[in-house]
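Protein chains: 2
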Amino acid sequence: MISSIQTRRTIRRYTARDVEPALLERLLNDSARTQTMGNLQLYSVIVTRSPEGKAALAPAHFNQPMVTQAPVVLTICADFHRTSAWARCRNAEPGYDNLLSFMNAATDALLFTQTFSTLAEDAGLGLCFLGTTIYSAQTVIDVLHLPQLVFPVATLTVGWPAEEPPLSDRLPLESFVHDETYHAPTPEDINRFYTPKEALPENQEFVRINQKETLAQIFTDIRYTKKDNEMMSEGLIEALSKQGFLKGK
Amino acid sequence: MISSIQTRRTIRRYTARDVEPALLERLLNDSARTQTMGNLQLYSVIVTRSPEGKAALAPAHFNQPMVTQAPVVLTICADFHRTSAWARCRNAEPGYDNLLSFMNAATDALLFTQTFSTLAEDAGLGLCFLGTTIYSAQTVIDVLHLPQLVFPVATLTVGWPAEEPPLSDRLPLESFVHDETYHAPTPEDINRFYTPKEALPENQEFVRINQKETLAQIFTDIRYTKKDNEMMSEGLIEALSKQGFLKGK
Numbered sequence: 004m005i006s007s008i009q010t011r012r013t014i015r016r017y018t019a020r021d022v023e024p025a026l027l028e029r030l031l032n033d034s035a036r037t038q039t040m041g042n043l044q045l046y047s048v049i050v051t052r053s054p055e056g057k058a059a060l061a062p063a064h065f066n067q068p069m070v071t072q073a074p075v076v077l078t079i080c081a082d083f084h085r086t087s088a089w090a091r092c093r094n095a096e097p098g099y100d101n102l103l104s105f106m107n108a109a110t111d112a113l114l115f116t117q118t119f120s121t122l123a124e125d126a127g128l129g130l131c132f133l134g135t136t137i138y139s140a141q142t143v144i145d146v147l148h149l150p151q152l153v154f155p156v157a158t159l160t161v162g163w164p165a166e167e168p169p170l171s172d173r174l175p176l177e178s179f180v181h182d183e184t185y186h187a188p189t190p191e192d193i194n195r196f197y198t199p200k201e202a203l204p205e206n207q208e209f210v211r212i213n214q215k216e217t218l219a220q221i222f223t224d225i226r227y228t229k230k231d232n233e234m235m236s237e238g239l240i241e242a243l244s245k246q247g248f249l250k251g252k
Numbered sequence: 004m005i006s007s008i009q010t011r012r013t014i015r016r017y018t019a020r021d022v023e024p025a026l027l028e029r030l031l032n033d034s035a036r037t038q039t040m041g042n043l044q045l046y047s048v049i050v051t052r053s054p055e056g057k058a059a060l061a062p063a064h065f066n067q068p069m070v071t072q073a074p075v076v077l078t079i080c081a082d083f084h085r086t087s088a089w090a091r092c093r094n095a096e097p098g099y100d101n102l103l104s105f106m107n108a109a110t111d112a113l114l115f116t117q118t119f120s121t122l123a124e125d126a127g128l129g130l131c132f133l134g135t136t137i138y139s140a141q142t143v144i145d146v147l148h149l150p151q152l153v154f155p156v157a158t159l160t161v162g163w164p165a166e167e168p169p170l171s172d173r174l175p176l177e178s179f180v181h182d183e184t185y186h187a188p189t190p191e192d193i194n195r196f197y198t199p200k201e202a203l204p205e206n207q208e209f210v211r212i213n214q215k216e217t218l219a220q221i222f223t224d225i226r227y228t229k230k231d232n233e234m235m236s237e238g239l240i241e242a243l244s245k246q247g248f249l250k251g252k
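Taken in sequence, the protein lines are chains A and B. When you line the first sequence up against this note's numbering, it's residues 4 to 252, in that order. When you line the second sequence up against this note's numbering, it's residues 4 to 252, in that order.
Treat the hints as calculated values from the structure; they're not laboratory data. Treat the numbers as computed from the prediction; the structure is a model and nothing was measured. The reader is advised that the hints may include incorrect statements.
As the list makes no split between identical chains, a pair holds if one copy fits it or if it spans any two.
[Unchecked claim] With a cut-off of at most 30 Å between alpha-carbon atoms, the simulated DSSO-like pairs for lysine-lysine come out as follows: (1) Lys215 x Lys230; (2) Lys215 x Lys245; (3) Lys200 x Lys230; (4) Lys200 x Lys229; (5) Lys245 x Lys57; (6) Lys230 x Lys250; (7) Lys230 x Lys245; (8) Lys229 x Lys250.
Given only the sequences and the hints, what does the whole structure look like? Please build it.
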């Protein structure tokens, strides 16, 4: 039984200790056992260790300090470039410049990312997953020189923990597990699922200092607004198109 | 150190033994510790145990026998429905009917899926990941009654293994790990990365019985063709639109 999952927390501060290359290689190699479409391994990992490389990536991640402070930054990409290059070298005509193929490769890349996360955290490393990767995909693409049919879908900052934040709360199982068919939540369900989260002192404090009425407004009005989402959706579609994933339709 | 990952294989045949509800609940609960955007848990899991439910899902998965034979089928969905319902109950206006939000929720759902896979396989269960989910998304949506802003991204068939297939091969680390920037593979790189895979007796046999010249042609001409990919891309876009994820732009 893997118990490290029960006590994992996102780690944003790291000690000065390096992540030894042999350890990183072992974790990446083991992660490659993850299930993958047609056994094609439709992903790549860019390892950034240099201060210059981290500094170049930082703006894409809204200059969050983890990017420059972590010993290692991993950018995990959906990759149909390598498979397509293989096909062309073998008298085969690849047809992977479409949205379905992007989703297939993104799926492979994200499954790989999470196996790595579980293994790395079990080995005592601390990680922070940066969702900003797809918000600023074009910047990441430029900095890492990603060719056609390679698209960044996840970033992990990796190091040895220099903090031990409290465990974050989770919704009850019944809120996200459905028997046989989806049961849309009623207002009573919503109260039952979300009231414990809303009652946490840190969340009440967030609402107070941001002068909002409800915790949900923190998300809709500040953290993940419609305006930002729509702007970043446009950037995402543009970047997918530039990388060649919206051609074949 | 988690060693079960090194010997995992996809399992398509299961014994008659049930997957005990308490075990499944523990695994789902533990998987919910996975990192998630803004701690929102943008996913749902539909648990199918009934023979009728499995039979209804089977066509979406090209009638692969695992779907009806496994004691449990899990369909994992990107879900902004629940979060949006919460917002509406709390005087907050959600803005998640766009592609970026779909990708955020799909990311959450896939990370959750892979934590579950690692934990379940470590507990001795056997899994098969069905990539067909996004090929036939509309069928899955209809069968499981998925509402607006819920979209299926992964299916796992789950049971106790009744087979022990050989470990599948993997590409060498250097083929998918890049230092600092992406290094596009040269034809010599491609030879080094792919020749061991091409030399495997089972792959040579595939090429022979399909009367192809190269293993790559098995993928481009038979398993994942340009024509099929483009047709399924259209279906994917249509289904995303119907579920409300392409509105806000």
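Hints and how they fare:
Taking the closest pair of Cα atoms, Lys215 and Lys230 come within 30 Å of each other only inside a single copy of the chain (18 Å); across copies the shortest separation is 51 Å, beyond that limit. In this assembly of identical chains, the alpha carbons of Lys215 and Lys245 never lie at most 30 Å apart, being 39 Å within a copy and 33 Å across copies at closest. Taking the shortest Cα distances, Lys200 and Lys230 sit within 30 Å of each other inside one copy (26 Å), while across copies they are farther apart (47 Å). Taking the shortest Cα distances, Lys200 and Lys229 sit within 30 Å of each other inside one copy (23 Å), while across copies they are farther apart (47 Å).
Taking the closest pair of Cα atoms, Lys245 and Lys57 come within 30 Å of each other only inside a single copy of the chain (24 Å); across copies the shortest separation is 40 Å, beyond that limit. Taking CA atoms no more than 30 Å apart as the test, Lys230 paired with Lys250 passes in both settings, with 27 Å inside one copy and 13 Å between copies. In this assembly of identical chains, Lys230 and Lys245 lie within 30 Å of each other by CA distance both inside one copy and across copies; the values are 23 Å within and 22 Å between. Taking identical chains as interchangeable, the C-alpha atoms of Lys229 and Lys250 lie at most 30 Å apart whether they share a chain (28 Å) or sit on different chains (11 Å).
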